[in-house]
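**Student:** Spelled out from the first residue to the last, the chains are:
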Amino acid sequence: MRTDRLALGAFLALLLLVPAILSPYYVTLLNYIGLYAMVALGLVLLTGVGGLTSFGQAAFVGLGAYTTAALTTATDLPSWIAWVGASPWLTLVAGLILTAVVAVLIGSLTLKLSGHFLPLGTIAWGISLYFLFGTMASLGGHTGISGIPAISLFGWTLDDGGEIYYLIWAFLLVAMLTTHNLLDSREGRAIRALKGGRVMAEAMGVDTGRARMIIFVIAALLACASGWLYAHMQRFVNPTPFGVHIGIEYLFMAVVGGAGYVWGAIVGAGVITVLKQWLQDWLPSILGASGNFEMIVFGILMVLVLHRAREGLWPILKKLVPMRAIHKTIDAGAEPLPRRTLPKAGELILEAKDVTRKFGGLIANNNMSLEVRAGEILALIGPNGAGKSTMFNQISGVDTPTSGEVLFLGKPVAGHDSREIARLGMSRTFQHVKLLPTMTVLENVAIGAHLRSGKGVLSSAWRLDRAEEARILKEAAAQIERVGLTEHMYEEAGSLALGQQRILEIARALCADPCLLLLDEPAAGLRFKEKEALGDLLKKLRSEGMATLIVEHDMDFVMNLVDRVVVMEFGQKIAEGLPDEIQQNPAVLEAYLGGVE
Amino acid sequence: MDMSIALILGQDGITNGAIYALLALALVLVFAVTRVIFIQQGEFVAYGALTLAMMQSGALPATVWLLVVMGVLVTALDGAKALKAGQGRRAAAVAGWNLAYPLALAGLLSVLPANTLPLALQVILTLAIVVPMGPMMYRLMYQPIASAPVLILLIVSVALHITMVGLGLLFFGAEGQRTPAFSDASFELGPLMVTGQTIWVLVVSVLLIVALYQFFERTLYGKALRATAINRVGAQLMGISPALAGKLTFFLAAFIGALSGVLIAPITTIYYDTGFLIGLKGFVAAIIGGLASYPLAALGALVVGLLEAFASFWASAYKEVIVFTLIIPVLLWRSLTSRHVEEEE
Numbered sequence: 001m002r003t004d005r006l007a008l009g010a011f012l013a014l015l016l017l018v019p020a021i022l023s024p025y026y027v028t029l030l031n032y033i034g035l036y037a038m039v040a041l042g043l044v045l046l047t048g049v050g051g052l053t054s055f056g057q058a059a060f061v062g063l064g065a066y067t068t069a070a071l072t073t074a075t076d077l078p079s080w081i082a083w084v085g086a087s088p089w090l091t092l093v094a095g096l097i098l099t100a101v102v103a104v105l106i107g108s109l110t111l112k113l114s115g116h117f118l119p120l121g122t123i124a125w126g127i128s129l130y131f132l133f134g135t136m137a138s139l140g141g142h143t144g145i146s147g148i149p150a151i152s153l154f155g156w157t158l159d160d161g162g163e164i165y166y167l168i169w170a171f172l173l174v175a176m177l178t179t180h181n182l183l184d185s186r187e188g189r190a191i192r193a194l195k196g197g198r199v200m201a202e203a204m205g206v207d208t209g210r211a212r213m214i215i216f217v218i219a220a221l222l223a224c225a226s227g228w229l230y231a232h233m234q235r236f237v238n239p240t241p242f243g244v245h246i247g248i249e250y251l252f253m254a255v256v257g258g259a260g261y262v263w264g265a266i267v268g269a270g271v272i273t274v275l276k277q278w279l280q281d282w283l284p285s286i287l288g289a290s291g292n293f294e295m296i297v298f299g300i301l302m303v304l305v306l307h308r309a310r311e312g313l314w315p316i317l318k319k320l321v322p323m324r325a326i327h328k329t330i331d332a333g334a335e336p337l338p339r340r341t342l343p344k345a346g347e348l349i350l351e352a353k354d355v356t357r358k359f360g361g362l363i364a365n366n367n368m369s370l371e372v373r374a375g376e377i378l379a380l381i382g383p384n385g386a387g388k389s390t391m392f393n394q395i396s397g398v399d400t401p402t403s404g405e406v407l408f409l410g411k412p413v414a415g416h417d418s419r420e421i422a423r424l425g426m427s428r429t430f431q432h433v434k435l436l437p438t439m440t441v442l443e444n445v446a447i448g449a450h451l452r453s454g455k456g457v458l459s460s461a462w463r464l465d466r467a468e469e470a471r472i473l474k475e476a477a478a479q480i481e482r483v484g485l486t487e488h489m490y491e492e493a494g495s496l497a498l499g500q501q502r503i504l505e506i507a508r509a510l511c512a513d514p515c516l517l518l519l520d521e522p523a524a525g526l527r528f529k530e531k532e533a534l535g536d537l538l539k540k541l542r543s544e545g546m547a548t549l550i551v552e553h554d555m556d557f558v559m560n561l562v563d564r565v566v567v568m569e570f571g572q573k574i575a576e577g578l579p580d581e582i583q584q585n586p587a588v589l590e591a592y593l594g595g596v597e
Numbered sequence: 001m002d003m004s005i006a007l008i009l010g011q012d013g014i015t016n017g018a019i020y021a022l023l024a025l026a027l028v029l030v031f032a033v034t035r036v037i038f039i040q041q042g043e044f045v046a047y048g049a050l051t052l053a054m055m056q057s058g059a060l061p062a063t064v065w066l067l068v069v070m071g072v073l074v075t076a077l078d079g080a081k082a083l084k085a086g087q088g089r090r091a092a093a094v095a096g097w098n099l100a101y102p103l104a105l106a107g108l109l110s111v112l113p114a115n116t117l118p119l120a121l122q123v124i125l126t127l128a129i130v131v132p133m134g135p136m137m138y139r140l141m142y143q144p145i146a147s148a149p150v151l152i153l154l155i156v157s158v159a160l161h162i163t164m165v166g167l168g169l170l171f172f173g174a175e176g177q178r179t180p181a182f183s184d185a186s187f188e189l190g191p192l193m194v195t196g197q198t199i200w201v202l203v204v205s206v207l208l209i210v211a212l213y214q215f216f217e218r219t220l221y222g223k224a225l226r227a228t229a230i231n232r233v234g235a236q237l238m239g240i241s242p243a244l245a246g247k248l249t250f251f252l253a254a255f256i257g258a259l260s261g262v263l264i265a266p267i268t269t270i271y272y273d274t275g276f277l278i279g280l281k282g283f284v285a286a287i288i289g290g291l292a293s294y295p296l297a298a299l300g301a302l303v304v305g306l307l308e309a310f311a312s313f314w315a316s317a318y319k320e321v322i323v324f325t326l327i328i329p330v331l332l333w334r335s336l337t338s339r340h341v342e343e344e345e
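Protein chains in written order, with the numbering used here: chain A, 1 to 597; chain B, 1 to 345.
Some hints here could point you the wrong way.
What the hints assert, rightly or not - Stretch by stretch, here's where chain A covers chain B in the computed footprint (C-beta under 8 angstroms, at least three residues): (1) 135-148; (2) 158-167; (3) 295-306.
Bear in mind the hints are in silico, worked out from the structure with no lab data behind them.
We put the beta carbon where it would ideally sit given N, CA and C, even for glycine.
Required output: the full structure, derived from the provided sequences and hints.
**Tutor:** Structure, rendered in structure tokens:
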């Protein structure tokens, strides 16, 4: 028996027994921990995994609580909506729909902007909603709404703390399971790429704006469900538990528990809830005044956690239970992913015409033209600062040319999104490697197959994506083998040497099954043998009909490999031709070696 | 609504707007130089106002003890480091500013009959207590994690905000305070009665903005801050210490916050937690300027002030809702005009 399964089983058995062995006080405490953990779980997804944050989660809890409170207690509703109030289960659905709509609205306003606009937007939204709850007479104003019915399930009425306890924890465990599943999937890899890997993910075809929206909506829905449970547990709601300061407390729970971990939500909710109880009992008598003084301690605790243990408490607790790392298994029998039909050798793949890119007064690319054909390797060379990487960015959609045209497979792509261009069959590596250092090599490469698969969030959450996932992992493993990194497959990508990280990027690009490969200095940092192997790989790809555009400084490597060379200096093309011609070209020699006078 | 009511509301709006403008400028400055979103700006406003009120009531302002505690911590950290490096003179300077100064201030306040002093001296003493907390806060809370992502710095700010609110309740109690006006003079301007305090707020705001402009345009330290805001690494390579830039920025922000508090204390009743909403309105203004443009932020602040004044007349219960909903069209506009994916730090 694995120790982690054992620990999990013991935890679940304990949970089951709690109402039988503990006093109602502790059951109530655990009810609150469960409710808070559900909200904190949303923040784990949003903050710890996605690198975004929200201080407005309490407002979403309030939306769930007030929706069900208003619908189940009102007597004078118009008939088109009144039927929803018949059962709390219907009002749960209504609350979730309302929350999703609001979250999408707030998300579409702020998610396109830099990361800090979302928290600021959610603070404002949290305050607005709090004041709305407090001032609208139909929602009971500051006195709130009472007389909310209990939830009944298969004829069993959950009107006691020990009964709703099971419902709360069932909700939480299902939420944790689905979140865990989601993170370990195609969509999950896209979500995990949001923190520090957006440009790369977009280049692999991930719609990172959509991925941000998804986690924001999921976090809001979890908060809403928590609010629904809260309303039916308390049978009463008023605005106080939904203010911005409670929203801040939720964030503390996630951060203290460990914002990057699903279990961190429970740990954080537990620690903060128990600590709050304790401080609220003791602090007023110590300080001789009444008030929310626990906030002073929470604030300082939070700063200390962020200074000393930014990952939170969960990683520290986890070390107490020894666990073996479990590797993903590669299913050799999985059906291969579909491949695109490669263009015939010699066909024109990429054509850049008079591309100019100005940054203010600086002209980084001036009237640059080049073309790449199927089954050909074109090298783009030039001294440092010649504008090669800028040219790459114009072609791959990371940047937009000031003027000029880029045609890929005959379609104009200048100024289009990177992911649109990726979908057409262009795949790239980066001069400064962009990978997700804490994910394994296998998972990093699997991101490349994003566009060759299509299972969404719901299938991932409920494990309906396993057949496709096996196909993705098989493809990723095959590409890793092809570039010669098999022995590092299960290592963290960040632990590889720089040269190997560059090779990993090539495997990831190949995983997208491209017809044009853009390689930005692939040989930098490689040893001689590794360079040879890379050269052989690129030659093999060429013989299969792949078009390759390569930027490289290693002249031996370039001249023995490529078919044609384009030389840039000061943003302009100064020469173009076969490797041998270029080596004799006086303009090129002058650019590299200085004038011969 | 008739003309005279509109004029009164307009006067209120512009007065508050001037304060929001000052706060918005400080927020933009702090964000540009340190990447810290300065949520706790509002607490400096409340601390400024309530420290003055406490002094006027004849009590020893409890904030001075907070200053002493923060000073002790800074001395322990920086003094020890300086001693270990054998820089005795530096250690003495650290202890002088962070230990001797707060203690001397506490001693002075406990012997002075502060409530009988002229108002101007009381204001100076208030600033002397509250403002140094800014750089000390930067040293203790932000400097150790100065290179952390914006998100982490933001969470630290929020944590400090709630700590300061909690301490505010402890220091000042739950009662609201209002201090006497700087001057009782008032002027008739056509149908409008302009109070002396309004004039004070407007004049001080304008003077402060001009002074800040001069500081950033004319002085070496001002230019150092601007350089840091544009390119942190580049500025560091040119010998501008990021720690110094951070402390200086927090000094300015704390000064603006505390002075704003002292200025509005006669106009509106300040509670220990009032600062948050005032600071957030500065934020709405700063967001209008995209957290980057000073003139747009100042303009936004006037809009926020006027909107608040007129909203309180037409729909006073929904005043806060209306003000905070104002950022939605602003965010929408910014969202529609932004293109291309940027990498977050």
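**Student:** Would you mind marking each hint as holding or not holding in the structure?
**Tutor:** Hint check:
By the rule of at least three residues with a Cβ nearer than 8 angstroms to a Cβ of chain A, the coverage given for the segment 135-148 of chain B holds, with 4 such residues. Taking a C-beta to C-beta cut-off of 8 angstroms, the segment 158-167 of chain B contributes 10 residues in contact with chain A, enough for the three needed, and the coverage statement holds. Residue count for the segment 295-306 of chain B with a Cβ under 8 angstroms from a Cβ of chain A: 0. That is fewer than the three needed, and the coverage hint is violated.
In terms of the numbered hints stated before, the structure departs from hint 3 and from no other.
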